[in-house]
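Asker: From first to last, the protein sequence lines stand for chains W and F. Take the first sequence: its position 82, counting from 1, is numbered 81 in numbering that gives the first Met the number 0, and each next residue is one higher. Take the second sequence: its position 1, counting from 1, is numbered 0 in numbering that gives the first Met the number 0, and each next residue is one higher.
Quick caveat, the hints were computed from the structure, so don't treat them as lab data. Do not rely on the hints blindly, as some may be mistaken.
Stated by the list, open to error - Distance condition first, Cα-Cα at most 25 angstroms in a straight line; then the derived SDA-like pairs of lysine to any residue:
no. : chain 1 : residue 1 : chain 2 : residue 2
1   : F       : Lys901    : F       : Tyr950
2   : F       : Lys165    : F       : Asp284
3   : F       : Lys543    : F       : Lys557
4   : W       : Lys429    : F       : Ala308
5   : W       : Lys199    : F       : Glu311
6   : F       : Lys122    : F       : Asp106
7   : F       : Lys332    : W       : Thr516
8   : W       : Lys426    : F       : Glu204
9   : F       : Lys503    : W       : Pro198
10  : F       : Lys332    : W       : Gln520
11  : F       : Lys203    : W       : His445
12  : F       : Lys332    : W       : Gly397
13  : W       : Lys429    : F       : Glu311
14  : F       : Lys292    : W       : Phe206
15  : W       : Lys429    : F       : Gly312
16  : W       : Lys145    : F       : Val501
17  : W       : Lys426    : F       : Ala308
18  : W       : Lys55     : F       : Lys363
19  : F       : Lys405    : F       : Gln426
20  : W       : Lys199    : F       : Glu509
21  : W       : Lys55     : F       : Gly521
22  : W       : Lys429    : F       : Pro201
23  : W       : Lys55     : F       : Thr435
24  : W       : Lys521    : F       : Glu204
25  : W       : Lys199    : F       : Asp486
26  : F       : Lys292    : W       : Phe193
27  : W       : Lys199    : F       : Gly521
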Amino acid sequence: MNTITLTIDGEKVEVKKGATVLEAAKEAEIYIPTLCYHPGLPPFGACRLCIVEIEKMRGFPSSCTTPAANDMVVHTNTPRIQELRHGILELILSEHPYFCAICERRERCESFSPGIQKTGVVAGCHTCPGNGKCELEEVIEHVGLKEMSLTYYPRELPILKDSPFIDRDYNLCILCGRCVRVCHESIGVSALAFTYRGPKALVGTAFGCSLQDSGCQFCGACVDACPTGSLIERAARWEGVPGQLILTTCPYCGIGCQLNLEVKDGNVATSVPSEDGVNHGLACVKGRFAIRESTYHPSRLKSPLIKRDGRLETATWDEAVNLIASKLPNYQGEQFALICSSPCTNEDYYIAQKFARVVMNSNNIDHQSSRLSHSPSVIGLSQSFGSPGMTNSINEIGNAACILLIGSNVSCDNPIIRAEIMRAVDKGAKLIAVNPLRIDLCRFAHSWLQLLPGSDVALLMGMMRVIVDENLADWPFIEERCENFDAFKESLKEFTPDFVEKVTGLAWQQVVETARTYAKQKPAVILYGTGITQHTHGTNNVLALCDLAMLTGNLGKPSSGVYPLEGENNAHGACDMGAIADLYPDYQPVYIEASKAKFERAWACALNSNSGLTFSEIFNAVAEHQIKALYLIGNPIFNQPLPDKLRHWLEELEILIVQDSFPSEISQLAHVVLPAASFAEKDGTFTSAERKVQRVRKASKTIGNSRPDWQIICQVAEKMGAKGFHFDHPSQIMEEIATVMPDYSGITYERLEGSGLQWPCPGNDHRGTPILYSDKFANGKGRFTALKYKPSAELPDENYPLILTTECSLYHLYTKVLTSKVRGLEVLSPKETVEMNPLDAAKLGINDGDVVKVISRRGELTSRAKVTEVVASGVVSMNLHLAESLINSAVDSTSKIPEFKVCAVKIEKT
Amino acid sequence: MTFEEIQSRATAEWEDLCGKTCILVGAATCGRSAGALAVLDAINEELTKRNIDAMVTQVGCIGLCYIEPIIDIAKPGQPHVFYASVTPELVPQIIEDYLIKGDPRPDLALGTVGNEGVKGIPKLFDLAMLRPQVRIVLRNCGFIDPININHYIANGGYGGLVKALKMTPEDVIEEVRKSGLRGRGGAGFPTGVKWGFCRKAPGKEKYLVCNADEGDPGAFMDRSVLEGDPHAVLEGMLIGAYAIGATKGYIYCRAEYPLALERLYTALGQMREYELLGDNILGADFSFEIEIKEGAGAFVCGEETALMASIEGRRGMPRSRPPFPAQSGIWAKPTNINNVETWADVSVILQRGAGWFASYGTEKSKGTKTISLAGKVKHTGLIEVSLGTPLHQVIYDIGGGIAGDKCLKAVQTGGPSGGFIPPELLQTPVDYESLTQLGSIMGSGGMVVADEDNCIVDIARFFLTFTQQESCGKCAPCRVGTRQMLDILERISRGEGEEGDVDKLQRLAETVRDGSLCALGGTAPNPVLTSIRYFRNEYEAHIKGKKCPAAVCKGLVKAPCSHICPAGVDLPRFLRFIRRGKFDEALAVLKEKLPFAETLGYVCPAFCEGKCRRGMLDEVVATRVLHRLVAERGNGLWKTRVKIAPVTGKRVAIIGSGPAGLTAAYYLTKQGHTVTVLEALPEPGGMMRYGIPEYRLPREVLAGEIEEIKSFGVDIRTNAKVSSLDDLFAQGYDAIFLAIGAHQGVKLGIRGEDSAGVMEGVSWLKEINMGDKVRVGGKVAVIGGGNTAIDVSRTALRLGAKEAMVIYRRTKAEMPAGIEEIEEAIHEGVKIEFLTAPAKVERKNAKLELTCIRMELGTVDASGRRRPVPIEGSEFSSSFDTVIVAIGQMPEAPEQFGLALKRGNRFQADPYTLATDRKGVFAGGDAVTGAATIVEAIAAGRQAAISIDKYLGGDGVVDEILSAPDEEVALSEIDEEKHRLTVPTLPLDERLHSFAEVELEISEEAAIGEARRCLLCDLEESI
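Kindly generate the complete structure, drawing on both the sequences and the hints.
Answerer: Structure follows, in structure tokens:
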């Protein structure tokens, strides 16, 4: 029996086993007032408003905490309950400025209420930013409270505005604890807590410090959980009730969070995470707080610009498009290149690559973020499993028994993944953190392996050696579903305990124990980030992880598999759409005749069969004047002062077209600048890291004369006389995509309403594929790869004795295009520091906070030293966007990814 | 080492002790705070000095906290001799006398323990405090060395575990279930059943918790057990762990118990050494570990779900149950929580069997309960009684009754969340159900006794201050509700209470009780709810009367003396004038509140002296005598300052010219009304004239003050009996004040009462005071214990009686007559038979044969005094010439007045406004209250004047300052101990033949000196 039948207010109600009385009442549409209840949180039972009477039970149990039981007879509204609820509500209100809430002239006041929202103190609903959204108002209405007999205890606390984004007015707090609980239980950060006891009890931070100092990640979950106006987003403080909610997909990282954009008068007031998406009502600081400010930033490009006499001048669209259309035909073929950057929609990428290939007859099309973060994944995963996608879905992580988190600081890179991990850890999953840095999640980890940067293959092969030796492998799985095992097994021999210890800097015993934990705790997931990929052996790292998953049979099952964690938005879509040099849409290689033929048919043209140039190759070609026309969509360059060399190269281009939302140093060099609409102003789709195609919906009116990327390119193409670029709406582009991409063939805008679809979705009746390889691998069998350890390209030596590794910031994405426009994020992002171990610091006589010079063979910069045990001795770490001038440009031979994670540096005290 | 070997080694060590001189010093926290460690040092020093070989050991608390430090000396082969209240100075004497000279000093010794006694020293367990106790939990406390595990083992320790390990876990649980043991933490859930739930809960990992977070103010049971016998608790936990299948135990002990923690850490170390912890304990398939968690001082962490959260490292906040800890406790694993005392019971239950344990206690509450007995009892301390022992026995037999022979007001059980129990319910047995039924709780066993000097509102406020501060803040009813309640209580105690506050308080309390999440909030309103239930009148006194009857509440009470004075005389100001020799000004202070200042100087019962704080230092200030002095010395300065309002034209009739009537007349006249006093008797003065013998109140004093009143224009008509109120209204009176007093004697209700020669006291006195010649026999019996009885007996002697005997049914402590009166009577030769009540009177041969019966004190009645109960078969007879009954008076309220009457023939009037149910008619004084004191009647008269003035359209303000401005004097001489002045009295031989006043004058110097003893409490706030 999985259901329970009980009687509530005389009505028979059937609910699922495990449901609470409150949930049962909801099912029966019987309203019980609540304030501390929150559907995403375990019951708390604090506000006491949901009390009921249950026959044969003593007292007045809270319905939110009481499990429903068979034959239970519940009364939700007896006279005593009403009286008690009335009394309790009065008590709650005696600490809350309630005057407007029970005022009988309220309605009249509402229509005549002047603009008093700028008052410093909230005196009642009419001066409260929560007005209209406040749950307390609802409850008062329901309970029918008309007057108060109790003394009012104003707390008279100052409104706390000491942190970006969030204002805290604890005068309005009713201590429902939703903020504390969401911070602790959903986010696992515990920046907020209950403080003091008795009448002084309140919520707040430890020792009353600011939110920054409390460890707050500014995900805004507390603001969203707050039933009153106590926690309020500063920017949207006085926006009131939104006119419209538009569901869309977050433009920041690749997780694909679903956000509701609150729209008022055609403008986005704020973005609030949706309960329904992969994010389950959570977001990160960027998705929650950055969208409004970046969308409406005053520096947005509002009109096309054309360079005349060395100066960019405002032009009409016709002028700009005509200019481009007149110039570009001269550079068709290898002289042309196009680079796209996040965030573009799938439709934008598709049109961009189609433009390059069809109109410009060039495969020199690449995408910055996928090339620089996950190109090894595309290759590695395809090589092992036959397809490049994340094998399973994100929400499965929470149910895994073991999580191998390697080369990723999800707390910064993908905060939603962190919440998933915490969900699993709370249930008892073993978290193994492998990272040269002591990342935030180490606190919750079963074990933390602080390996030397770049030694992942050695560690993984060592682990696999243990698994094979100790007979912990999933032999039937290997036997039935995989190939090339023997060669792989042979390659393990090289990884002796001594060798592994030497390379990784770890004790062999730790490797052994980690191997055992991963192999025994099933199902196990592997989550990895750029710490794996951004190496000259990045592809090998990915292959090793694939081997590990196959070896233990952790594939094709729920809560298992391999998860590449994408840092940037829609990098997956860029690859899927073929916005990469050597692949047509759907990963069909340009150098294979059959695929070329297919696309020549589809696009009714002749295509170039040469593999195109990748991201860094394009710049090399620019330098060598092979490429004379460059079309940049978005800003692919780190948001740092442009290196003189690069500036020079770009200046020498015969035509540089920059299509972006914001002006930049590069746009200053452009011959034509085209203002692109932001994601909030257009329709389209994003494909998330879990292969999920989700809608982007127009919410805001367009800024100035900007236009969606696809539309601009189509205009140029049509102007150049091309066919196949006439679309009225991106949904029509998706219709074309479905015809050329088997994995997308079942995807239409109509079918994407709801929760989106995970490819492969080969057909209109296909429901998408949350878990890959349930029956077989894409190419039939999974392929083991025999691997050798390959050291990083540049290792420390006498002159450059330290390894520099790089990390990402929670508050910025790689190029900071969108994030640098948001003041609050700038405030929050860590100061430019270089983290170094106390031992190294002592050797160099450096104290915490000293200004130091970090020098590599390629450049140098000054920074402040942060002396911390987060890094091991011999390793220093900086944020990637700061360290760009230092890092090694050596690339992985297959994926062409640069080695961002390891280079040799020395540090000097200035 | 096997356990048998450990046992035999321990037994040998224990027996070794018997061959040695041992000195045990009670050095638990209570002993230490009384100075036990200094005594210990003195003992060691003395032994070294005298080179005596003796073993000195610190032991736990034996429970007699009120006479700590206690030491116990056992010489080889001799019984233990206990000495109480030992000081370091006393140590050399005891050692010299007992250890060297062999004299156990019965004069210093408290009691002995051992089969043999010592002559002249009672057995310790025959002491009143110990005899009714049953020591199961406390079996070892005070007798073994708590840091020596061998002592515990030698006394049967770990025998319960050995036995348990031979049984199946299910059988162990069954044994505990059969014993009827219930959770001693307060809720009283059957322990065996609880264990069973946890045993049956699925899961391998289970936890066990000992709740030692004893946070109740005034509770120290758990601390004493942990300090005195830690292994008893730990063995209980081992047995529980075995029965439940737990592998890990926590002791959650508050960090404020450093000694208890030290003992626990030591004990755990010893257990590890004996392999009583760890894997395969005693060779059985049973492994267990215990960890101590120190609580950080949050009261709420005693609540089990909060406690578990705290152990897990989270904020100690309770959560709703279900799930119960047995299903999901620490780290979501099945968990069993019991408190210290419950665990301490377990081993003995196993050793001696469930049946033995269940033979103590009641049907539903088996075994014993430790109680920390505190407050106003004589013997405070830690006790252990069989459940079901009546509260009365706990307080009067074990506790020795109320300290200072005051009246019991209430007993508060169960800590700050418990309720008050009024005196009339003291026969209630101490068990879970009975206490709950009264609105209180067993709690963990705190018991605080309050006497007449405690204000109920104040205690309720005190407890609520605690609970509201300790609320975790999670739920609004508890967090805000307690604060709102406290707010009201504070207002009431400041004198700012408003009509309706009590109902509001009650409503709030019910919301908090029913709406709160956990038991802290659920029980926090108990003190308020029970105090409203049983002491509503005390709240009303604060709110309506602006009076704190116990003179405690700070905001209301500036100086307790003037607060308690019914007339509200500003005594500190009065005394300040005397200090400076300004007697006329001092008299003016008196005259502000009472027209009979000098009369009261002779006869006031001086309630003020009862509350005088100087009494805490040495003796109370003698204010009454000073009244008399200033009245004599004063020159009527006050009269020149009296303001009289213009005539209002309103007429008031006052029936009765006693203190109430004349006082009302005085003030109403001052307010401008025309007042006529109608007196049925030939002379005005009421009881002052006809009730009080002349030797106490000279006639001319009274007459003088009545003349003063008349001089303001009061018209007094004597021999004017009123029979109809309607007539008075018809005569044009606008208002009537009934102050007819209580002149009718109350009958005894025994056989032969109507015999000739049996007289009624107040009428008898009246006859004498009217000047009638009254004869009295040679041997007079006076029945009663009030002032009338004493007046009658002393008058009888003056009229020539050879013998006067007062027969009173209670003891001297309960006697309502003034203590000075009693002493003087005895001094004059009056004999008083206490604890005696008349049974019948027979007329035999011209004599009256009075049969009496002896009484003993039984349970307490509603007045807070113990009720006298006849001792069967103790009748005895004596013959008297005259028997005078003086057990009380009631008013002769004429029925034709047509007013509502209450018990005792008294008029019914609002206690605060004195309004009767008839418009324009007010009543006060003895006619309303029954026989009371003159000063109370004066207060009533004054109140009547206020109410009548308001009724007639005035503002009711009768207050005026008649003295010169008060100069706050520098404080002096308040620290120095100085005894109360003694009033010279008339020599005995001059008294008995006349009615001359007994008390003689005091000198002015003596008066000034006495006034300087005043502590000036009213200036406390301004200093």
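Asker: Between Lys426(W) and Glu204(F), does the CA-CA distance stay at or below 25 angstroms?
Answerer: 16 angstroms, holds
Asker: Against the 25 angstroms threshold, does the CA-CA distance of Lys292(F) and Phe193(W) hold or violate the hint?
Answerer: Since the Cα atoms of Lys292(F) and Phe193(W) sit roughly 21 angstroms apart, the hinted pair holds (cutoff 25 angstroms).
Asker: Straight-line Cα separation of Lys503(F) and Pro198(W) no greater than 25 angstroms?
Answerer: Measuring from Cα to Cα gives roughly 20 angstroms; hence the hint holds.
Asker: Is Lys199(W) within 25 angstroms of Glu509(F), Cα to Cα?
Answerer: 23 angstroms, holds
Asker: Is the straight-line distance between the alpha-carbon of Lys292(F) and that of Phe206(W) 25 angstroms or less?
Answerer: Between Lys292(F) and Phe206(W) the Cα gap is close to 24 angstroms, so the pair holds against 25 angstroms.
Asker: Is the hinted pair Lys199(W) and Glu311(F) satisfied, with a Cα-Cα distance of at most 25 angstroms?
Answerer: 24 angstroms, holds
Asker: Does the alpha-carbon distance linking Lys332(F) and Gly397(W) stay inside the 25 angstroms limit?
Answerer: Answer holds: Lys332(F) to Gly397(W) is near 21 angstroms, not above 25 angstroms.
Asker: Between Lys429(W) and Pro201(F), does the CA-CA distance stay at or below 25 angstroms?
Answerer: Roughly 23 angstroms between the alpha carbons, so the hint for Lys429(W) and Pro201(F) holds.
Asker: Does Asp106(F) lie within 25 angstroms of Lys122(F) when you go C-alpha to C-alpha?
Answerer: 14 angstroms, holds
Asker: Can the restraint linking Lys199(W) and Gly521(F) be considered satisfied, given a maximum Cα separation of 25 angstroms?
Answerer: With Cα atoms ~20 angstroms apart, Lys199(W) and Gly521(F) stay inside 25 angstroms; holds.
Asker: With the threshold set at 25 angstroms, check whether the alpha-carbon distance from Lys405(F) to Gln426(F) stays at or below it.
Answerer: 19 angstroms, holds
Asker: So if I understand the rule, the pair passes when the alpha-carbon distance is 25 angstroms or less; does Lys199(W) with Asp486(F) pass?
Answerer: The hint holds at about 15 angstroms.
Against the hints set out earlier in the document, no violation occurs for any number.
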